[in-house]
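Listed below, chain by chain, are the residues.
Protein chains: 2
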Amino acid sequence: MSRFLNVISVADAVAVAEKIAPMPAMETVPVVQSAGRVLAADISADIDIPGFDRSVVDGYAVRSADTTGAGDSVPALLRCIGRVAMGTHDTALSLGVGECAYIPTGGVLPQGADAAVMVEYTEKAGDTVLIKKTASHGENIILRDEDFKAGETVFHKGRQLTPRDAGVLSACGCATVPVAKKPIVGIISTGNELVPSTTVPGPGQVRDANATMLAAWIAEYGCEPKLYGVVKDEREAFEAVLDRAVPECDVVLLSGGSSKDDRDMTARVIATQGEVLVHGLALAPGKPTIIGKIKDKPVFGLPGHPASAFVVLIAIVRPLLDRMLGQAKPSLRTVKATLSINIPSQRGREEYIRVRVENGVVTPLFGKSGLLNTLVQSDGLVRIPAGFEGLEKGSEVEVILW
Amino acid sequence: MSRFLNVISVADAVAVAEKIAPMPAMETVPVVQSAGRVLAADISADIDIPGFDRSVVDGYAVRSADTTGAGDSVPALLRCIGRVAMGTHDTALSLGVGECAYIPTGGVLPQGADAAVMVEYTEKAGDTVLIKKTASHGENIILRDEDFKAGETVFHKGRQLTPRDAGVLSACGCATVPVAKKPIVGIISTGNELVPSTTVPGPGQVRDANATMLAAWIAEYGCEPKLYGVVKDEREAFEAVLDRAVPECDVVLLSGGSSKDDRDMTARVIATQGEVLVHGLALAPGKPTIIGKIKDKPVFGLPGHPASAFVVLIAIVRPLLDRMLGQAKPSLRTVKATLSINIPSQRGREEYIRVRVENGVVTPLFGKSGLLNTLVQSDGLVRIPAGFEGLEKGSEVEVILW
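As you go down the protein sequences, you meet chains V and U in turn.
All residue numbers for the first sequence refer to our numbering, where the first residue is 40 and numbers rise by one.
All residue numbers for the second sequence refer to our numbering, where the first residue is 40 and numbers rise by one.
Just so you know, the hints here were simulated from the structure itself, not pulled from any lab data.
Even for Gly, the Cβ is constructed at its ideal location relative to N, Cα and C.
Keep in mind that a hint or two might mislead.
Claimed, not checked - Computed from the model, here is a short list of chain V residues facing chain U with C-beta under 7 Å:
| no. | residue |
| --- | --- |
| 1 | Trp256 |
| 2 | Gly399 |
| 3 | Thr402 |
Extracted from the complex, chain V is given alone in its bound form (with noise of 0.2 Å):
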């Protein structure tokens, strides 16, 4: 194994890591539980929505020219011919011309009316009601089909799923709801230097923290994080574990440990087992990292330091997150501010910056990669492409927020 790796740009890594991605497979949810799924078939309404005109207020249901210069001073006299019940159509309630009826919010615009005037504009004196105010055309109402027709596409496949999409989906019928399969992502944790969390750290050793920060965000992200542990640098443990993840897994994780013969030991049995497409990225924090892939399933050797771990997760592994769950686009949070400081840059590899974000003002954290603390005070990160030098003070950039 070469001292030196042979890296190549980020790009060129999304684009093995995408085309290794197993294809995404689906399952069906009920609907209340889809928000934050990514849908699997496109949608359409069965009916239309609402499936009749429908008063948005509580008042009359009127016709329209009945109203013209109708105001406080001079209100229009119309005969109240009824009332709307909700949750039915009583379709013998008809307005002729100078007539009315009671209308509640919801209720089904009678046969004739095209407007309706909220009760605080009206006054009931026995049958007449008087109106104090011109509704126009429609005034309101909601049209039957405003929201949505029968048979129009109202949402597409790939699209990631929100609360509010969730009740459109119990207005257009689902009670569940096709979306894609949540990919099972196996952590295995390696390093000699790595004890569980449960431990008292002995001389030299440190507990495992990457293990569990890559599991909280692969289940934030909507995937499922399968944990197996803390695996020993020696390559029959190593092997038997993968043995074990490749097959209950879609997509494996070896959270690394830190040093460059735990580096070498991983690529050394991923090549074993399968193959190493990729050995070194133009990244930073994030070069020492490995694409493989065994029994065709993907398999990533994530670098040690928990700062470079989370950069090479959101730039690498998460594009081939959102091919497996067949999302359209990725469900990254961003948002633009502006830049307190230069960013000086090294041209030839891309750059990620842990930042703070206060008041649309992004200030840099420049700490090392092997510390938790940045990242926990960081908001998120910054991206400086690898033809850059830099980015100047004052510009906008966009944060990749976590």
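Model the placement of chain U on the given structure of chain V, informed by the hints.
Relative to the frame of chain V, chain U by itself:
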């Protein structure tokens, strides 16, 4: 019941809601499942993190003074006295003047060393290592406790945990973590016009979209929705479902039908079983809102229009949920952007406008609050405080993203 509502300000309504919020309850969850949850106690580091001075590069541990003036043409020549093994601390390994030791990333810095030099700037010739770069004191190392000191408070109670926080909790030795229990939020749909999503609506009927939308939002906000289905406007049925829901839930939402009769029935039943505290808000959309309590549980009557219900959920119910979660700050996502056109408003009521946000520009979607489609097309809400006559084109506004 008066025909005109006795409206109160949003601030007063929020104060009422917060005052009747039940005390936060606590539970313990595995750290890997803690992202998104609200911390119920301060968390401190049980040990120094890291527990020793460690290298952040693969290379050679050195005494920086030995490398003064070293460069490509005049390397420092140091004698390699050993190799740092990962996951252990060899206390016998100690550097004297002119000595160095191979150290992997994450390895324990040997006694006497105060810096590490990347392997790329070195060359090994037998026992001698050529160091081609001057190392400064502390270069490429992380000091013991540089991340967190033993006993230091790492996270404060009330913080909504992120995936990165979960990693830090693992580093602090937590396998589980105390968090706020998810409040159980009951949702009862009322209204003679409503049918479940699985039913094809008959004349005058509409499918219940609001309950699903509310439930999905509540789940996303870290609470537990509990759906009670559609109840017709019959007092007995209404009271029976409240008798069931109030003991089972921490908060009950009556997702209203849209008519005045339905709202009046809601208010009457809350008044019979408990107390109506607020009936009518100076809020648009969202005026016909009821806040009450039954057996010390908050009970809300939400407006029937989908957009109105959603605005009340965010403006009034959310602060109560934050209080119940012990959340230090609301977990609403907001973004600042520039308004594309003037938005007029009516003084004396707080207004929430649905908007689309594209490339930092905010465009209002003026749609009837009874429609679902503007809810789906919008990216969030812009709030216009009660004292404002509107917002001006070109001004910077804060958008509450949904």
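Going through the hints against the structure:
no.: 1; hint: Trp256; in the structure: 4 Å, holds
no.: 2; hint: Gly399; in the structure: 5 Å, holds
no.: 3; hint: Thr402; in the structure: 16 Å, violated
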